[in-house]
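Trainee: The lines below spell out each chain.
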Amino acid sequence: DTGVSQDPRHKITKRGQNVTFRCDPISEHNRLYWYRQTLGQGPEFLTYFQNEAQLEKSRLLSDRFSAERPKGSFSTLEIQRTEQGDSAMYLCASSTGTAPYEQYFGPGTRLTVT
Amino acid sequence: QKEVEQNSGPLSVPEGAIASLNCTYSDRGSQSFFWYRQYSGKSPELIMFIYSNGDKEDGRFTAQLNKASQYVSLLIRDSQPSDSATYLCAAGSRGSNYKLTFGKGTLLTVNP
Chain W
1 DTGVSQDPRH KITKRGQNVT FRCDPISEHN RLYWYRQTLG QGPEFLTYFQ
51 NEAQLEKSRL LSDRFSAERP KGSFSTLEIQ RTEQGDSAMY LCASSTGTAP
101 YEQYFGPGTR LTVT
Chain Y
1001 QKEVEQNSGP LSVPEGAIAS LNCTYSDRGS QSFFWYRQYS GKSPELIMFI
1051 YSNGDKEDGR FTAQLNKASQ YVSLLIRDSQ PSDSATYLCA AGSRGSNYKL
1101 TFGKGTLLTV NP
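In order, the protein sequence lines correspond to chains W and Y. Mapping of the first sequence onto our numbering: position 83 corresponds to residue 83, and the numbering continues sequentially without gaps. Position in the second sequence counted from 1, then plus 1000, gives you our numbering.
Derived from the structure by calculation, the hints contain no laboratory data. Glycine is no exception: its CB is placed at the ideal position from the N, C-alpha and C atoms. Some hints could be false.
[Said to hold, decoys possible] With a cut-off of at most 20 Å between alpha-carbon atoms, the simulated PhoX-like pairs for lysine-lysine come out as follows:
(1) W:Lys57 <-> Y:Lys1056
(2) W:Lys71 <-> W:Lys57
(3) Y:Lys1002 <-> Y:Lys1104
(4) Y:Lys1042 <-> W:Lys11
(5) Y:Lys1042 <-> Y:Lys1056
(6) Y:Lys1002 <-> Y:Lys1042
[Unchecked claim] Taking beta-carbon pairs under 8 Å as the criterion, some of the chain W residues facing chain Y (in silico):
(7) Tyr33
(8) Phe65
(9) Phe74
[Claimed, not checked] From the structure, some residues in chain Y lie toward chain W, with a derived Cβ separation under 7 Å:
(10) Val1013
(11) Tyr1039
(12) Ser1040
(13) Phe1061
(14) Gly1095
(15) Lys1099
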C-alpha cells in the first residue's frame, strides 16, 4: 500500500507568480485534507474534501487560494499571485471514512516565495 | 477558538529513560486525539491515536487520555536517540469534519 504522495517536493517562485501543488492520497481514502505549516508551528488546516466535494475551507484560505479534487482522486492546491507570507510547507493528508479517521500525511511541498 | 496546548520544550532525557509529553485541549467536543512525530524538515508521522479515557499501549509508546481534565499525554519508554524529534499533539471532532487542530509541538532530545 503506497502512502500519500505530493509533487513537487520543493518550489521556489517569485512574488506574484502562480503555483500549483498536487496530492495523491492513499487509494482507498475518500477524505483529503490540506494543511500549511510554518517554522515552529503545528500544521494549520486549510481545506477538506470528502470524495470530490470540498466541504470546508479555513478562513486562512484567501481568495488567492483554490483547491480541487476532480473525480475524488488526486487533489490540487493553487496559489495565485504568491506573496512572501505564503512561504511554508504545504501538507496533504488523507484518511478513511471510518472512525477514528486517522490522517496520514504526505511528504509535503516546501514553497519559498522570493 | 479551539486550541491545543503543548510545552514547546525542549525536553531532554537520557537514553533509556521515560519521556513524558503532555497536551491539553480546549474543545470539549474533541473526540479523537493523535500523536505525530516530526523530524526536522520532514512531514508528520502518525505514531498513536486514542479516543477512549484511559491508557493505550503500542510497543514503547503509551498514550493517556483524560477527557474530564481535557488532557492527553504520550509516554515513550526506553527512549532512544532516534526518538529525538518534535512531537505534535492533535485533536479532531465529528462536528468539524475531523480536521485536526494541532499544538505547536514539543521538541524531544534523547541524549546517548
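Trainee: For the hint on Phe74 of chain W, just tell me whether its beta-carbon gets within less than 8 Å of chain Y.
Mentor: violated, 17 Å
Trainee: Given the hint that Lys1002 of chain Y pairs with Lys1042 of chain Y, does the C-alpha gap stay at or below 20 Å?
Mentor: Violated: Lys1002 of chain Y and Lys1042 of chain Y sit about 26 Å apart, past 20 Å.
Trainee: Does Phe65 of chain W pass the interface hint, meaning its C-beta sits closer than 8 Å to a C-beta of chain Y?
Mentor: Check failed: Cβ of Phe65 of chain W comes no nearer than 16 Å to chain Y, outside 8 Å.
Trainee: Taking only the CA atoms, is the gap from Lys1002 of chain Y to Lys1104 of chain Y under or equal to 20 Å?
Mentor: Judged against 20 Å, a Cα distance of about 13 Å means the pair holds.
Trainee: Take the C-alpha atoms of Lys57 of chain W and Lys1056 of chain Y, compute the straight-line distance between them, and say whether it is at most 20 Å.
Mentor: Violated, at roughly 33 Å.
Trainee: Can we keep the Gly1095 of chain Y interface hint, with Cβ of chain W closer than 7 Å?
Mentor: This interface hint is violated because 11 Å lies over the 7 Å limit.
Trainee: Per the CB criterion, is Ser1040 of chain Y less than 7 Å away from chain W?
Mentor: violated, 10 Å
Trainee: With a cut-off of 20 Å on the C-alpha distance, tell me whether Lys1042 of chain Y and Lys11 of chain W pass.
Mentor: Roughly 15 Å separates the two Cα atoms, so the pair holds.
Trainee: Once the shortest beta carbon distance from Lys1099 of chain Y to chain W is found, is it less than 7 Å?
Mentor: holds, 5 Å
Trainee: Min Cβ distance, Val1013 of chain Y to chain W: is it shorter than 7 Å?
Mentor: Result: violated, 21 Å to nearest chain W Cβ.
Trainee: Hey, does the Tyr33 of chain W contact hint survive, CB to chain Y under 8 Å?
Mentor: holds, 6 Å
Trainee: Classify the hint on Tyr1039 of chain Y as holds or violated, based on whether any CB of chain W lies nearer than 7 Å to its CB.
Mentor: violated, 12 Å
Hint check: violations occur at hints 1, 5, 6, 8, 9, 10, 11, 12, 13, 14; the rest are consistent with the structure.
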